[in-house]
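Use these hints to put chain P onto chain U, whose structure you have.
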Amino acid sequence: MTEIILKTTGVTKKYGQHKALADVSIEIRRGMIYGLIGENGAGKSTFMRAIMGLIETDTGTIELFGQHDTKGLQQARRKMGQSIEMPALYPELTARENLQVQAANGGVDETEIERLLTMMNLATTGRKHVKNFSLGMRQRLAIAVTLVTNPEFLILDEPTNGLDPAGIAEIREIILQLVNERGLTVLISSHLLNELSLVATHYGILHHGRLIRELSKEQIAQESQQYIEIELADAQAAIPILDQMQIADYTVVDAQHINVYQHNQAVAQINRALVLADIAVTRIGVTQQQLEDYFLNLTGGEQLV
Amino acid sequence: MSNLLAADKIKLTHSKKIILVLLIMGLLPLVQALNGQLTVHSGFKLTQLKDIVIDGATSILMIEKNGLTLSVVLLVFVNFFIGEEFQHGTIRNALSLGQRRADYYLAKLIMAAGLTFVAAVVTTVVGMLSYSVLFNFGQVVGIDHYFSYALQAFIVLYLLILANVAVYVAVTFITKNTGMAMVWGFLYTIGTGFVPGVFQQTEHFKFLTNWFTQTYLFYRNLALPAAITEFPQMILVSGATIILATILGIYIFKHTDIK
Numbered sequence: 001m002t003e004i005i006l007k008t009t010g011v012t013k014k015y016g017q018h019k020a021l022a023d024v025s026i027e028i029r030r031g032m033i034y035g036l037i038g039e040n041g042a043g044k045s046t047f048m049r050a051i052m053g054l055i056e057t058d059t060g061t062i063e064l065f066g067q068h069d070t071k072g073l074q075q076a077r078r079k080m081g082q083s084i085e086m087p088a089l090y091p092e093l094t095a096r097e098n099l100q101v102q103a104a105n106g107g108v109d110e111t112e113i114e115r116l117l118t119m120m121n122l123a124t125t126g127r128k129h130v131k132n133f134s135l136g137m138r139q140r141l142a143i144a145v146t147l148v149t150n151p152e153f154l155i156l157d158e159p160t161n162g163l164d165p166a167g168i169a170e171i172r173e174i175i176l177q178l179v180n181e182r183g184l185t186v187l188i189s190s191h192l193l194n195e196l197s198l199v200a201t202h203y204g205i206l207h208h209g210r211l212i213r214e215l216s217k218e219q220i221a222q223e224s225q226q227y228i229e230i231e232l233a234d235a236q237a238a239i240p241i242l243d244q245m246q247i248a249d250y251t252v253v254d255a256q257h258i259n260v261y262q263h264n265q266a267v268a269q270i271n272r273a274l275v276l277a278d279i280a281v282t283r284i285g286v287t288q289q290q291l292e293d294y295f296l297n298l299t300g301g302e303q304l305v
Numbered sequence: 001m002s003n004l005l006a007a008d009k010i011k012l013t014h015s016k017k018i019i020l021v022l023l024i025m026g027l028l029p030l031v032q033a034l035n036g037q038l039t040v041h042s043g044f045k046l047t048q049l050k051d052i053v054i055d056g057a058t059s060i061l062m063i064e065k066n067g068l069t070l071s072v073v074l075l076v077f078v079n080f081f082i083g084e085e086f087q088h089g090t091i092r093n094a095l096s097l098g099q100r101r102a103d104y105y106l107a108k109l110i111m112a113a114g115l116t117f118v119a120a121v122v123t124t125v126v127g128m129l130s131y132s133v134l135f136n137f138g139q140v141v142g143i144d145h146y147f148s149y150a151l152q153a154f155i156v157l158y159l160l161i162l163a164n165v166a167v168y169v170a171v172t173f174i175t176k177n178t179g180m181a182m183v184w185g186f187l188y189t190i191g192t193g194f195v196p197g198v199f200q201q202t203e204h205f206k207f208l209t210n211w212f213t214q215t216y217l218f219y220r221n222l223a224l225p226a227a228i229t230e231f232p233q234m235i236l237v238s239g240a241t242i243i244l245a246t247i248l249g250i251y252i253f254k255h256t257d258i259k
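So the protein lines, in turn, are chains U and P.
Residue numbers are given in the UniProt record's numbering: position 176 of the first sequence equals residue 176, and the series is strictly consecutive.
Residue numbers are given in the UniProt record's numbering: position 248 of the second sequence equals residue 248, and the series is strictly consecutive.
Excised from the complex, chain U in its bound form (with noise of 0.2 Å):
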């Protein structure tokens, strides 16, 4: 069994009345890409700030590294690196100066800046100053931040927020050489879920503050639903031939789509049917649920964004 890098038990965070996190308990271990979702204001940030001790919890502990009294997870926050949403640096200053500030900050030396400038593509930028930089520079730029301390356990919140696509590639390219080439262990959250799925090796979806499901990549594809998706001309002409065939699981999405849900072998008998009735098929064909309609299916369709 790998070791245990995070593990929360009942973390609570209340404003007011409102429950920013509500008995949130999570497990992550040595080598996960654990991706956290959830919509705005879900508590993805607060339960990360919450496990960085920027936040105080009103009730639940959090164990790091397996340390969980006061003391022991100062020493342990030691061992993480953290960007939360917008990249958290010093305009004023270079990139060099910004990880040499972080570096002293705790208390390493300067041997990786170096290295890590040349692995975020930064190392050109000499004296220019971060206020000059793009978003994506900025981006590259915290994640660097986040490794001058040599930490074994990321908190990536939003990485690619604001991206364009080539900057997203290259965020999550990094994260995977990170992870491959020195055995990181990352809490990543975005509202991209796409892209997450790319990267992430488990889930924990977060709804109004509550962990609502956890589970492994292999899981979330077990548990997506396959349809048959079928584009027509008239969706309603289809319905007598369906309920002809006793197929009663299906939606009709609007006048020209209809999904047909646990009948996935019969794509050929039910597109023979719909010509044989006459009705024009346009498109037929097997779907796969993406991470986002699943997302959308267990929390009653809320946005991420």
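Don't read these hints as lab results, they were simulated from the structure.
Zero decoy hints are in this set.
Simulated pairs of lysine-lysine, DSBU-like, Cα-Cα distance not exceeding 30 Å:
no.: 1; chain 1: P; residue 1: Lys254; chain 2: U; residue 2: Lys7
no.: 2; chain 1: U; residue 1: Lys131; chain 2: P; residue 2: Lys259
no.: 3; chain 1: U; residue 1: Lys14; chain 2: P; residue 2: Lys176
no.: 4; chain 1: U; residue 1: Lys131; chain 2: P; residue 2: Lys176
no.: 5; chain 1: P; residue 1: Lys259; chain 2: U; residue 2: Lys71
no.: 6; chain 1: P; residue 1: Lys254; chain 2: U; residue 2: Lys14
no.: 7; chain 1: P; residue 1: Lys9; chain 2: U; residue 2: Lys79
no.: 8; chain 1: P; residue 1: Lys259; chain 2: U; residue 2: Lys19
no.: 9; chain 1: U; residue 1: Lys128; chain 2: P; residue 2: Lys17
no.: 10; chain 1: P; residue 1: Lys16; chain 2: P; residue 2: Lys65
no.: 11; chain 1: P; residue 1: Lys9; chain 2: U; residue 2: Lys128
no.: 12; chain 1: P; residue 1: Lys254; chain 2: U; residue 2: Lys79
no.: 13; chain 1: P; residue 1: Lys176; chain 2: U; residue 2: Lys71
no.: 14; chain 1: P; residue 1: Lys259; chain 2: U; residue 2: Lys7
no.: 15; chain 1: P; residue 1: Lys16; chain 2: U; residue 2: Lys128
no.: 16; chain 1: P; residue 1: Lys259; chain 2: U; residue 2: Lys14
no.: 17; chain 1: P; residue 1: Lys254; chain 2: U; residue 2: Lys71
no.: 18; chain 1: U; residue 1: Lys19; chain 2: P; residue 2: Lys176
no.: 19; chain 1: P; residue 1: Lys259; chain 2: U; residue 2: Lys79
no.: 20; chain 1: P; residue 1: Lys9; chain 2: U; residue 2: Lys71
no.: 21; chain 1: P; residue 1: Lys9; chain 2: U; residue 2: Lys131
Coordinates of chain P only, in the frame set by chain U:
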């Protein structure tokens, strides 16, 4: 805490704000000395009671002469130096590494105290040099051992100004916002300059007048024998203000959620 001080040192040495503060504190006495000479050339006379600094020797009171200016300049500096950590979110980088909040607070206070000391030295030394060149070194009337007096006066004035800085640090940590801290810090400076006068008019609260640092910084002439005998009281009031502000600041900061 040494880690935090080392990090702050890097930030400060690369900051333009520190250069700006020292530039203001260096230029101010120079301009005042030149202005004094223009006054004399216009046929007026500088008097110690009114002008406080009239030659090289009385320039040891440069902090007193510029008490309000120095306070406001340091207020702005402290607000930016600490407030920006909250606004840029960089405070998280240090705290999430397990640094104790009290250490973080004290590191900022030490850095602010250090800068206040440098600013006080710069304004005093530049004042002494410029006034000595233009008005000769002169003397402080009634003082036989100038060096001893100068040392005591400088320490007292430094502590009085440091008490203000300690309050600004506390206010910034409590408000966590540069703009708000600036407003509250300014209100504190002006308010505690005004309120002691109100207390002075009352019978029951008259004693409180002497428990505000501004009473000494704004209203006493530290060249006068009566004020010199109050040096121990000034040190006590400054020390109490620094300690109270710091305890309050740390207590609230320790129970504050960091965004």
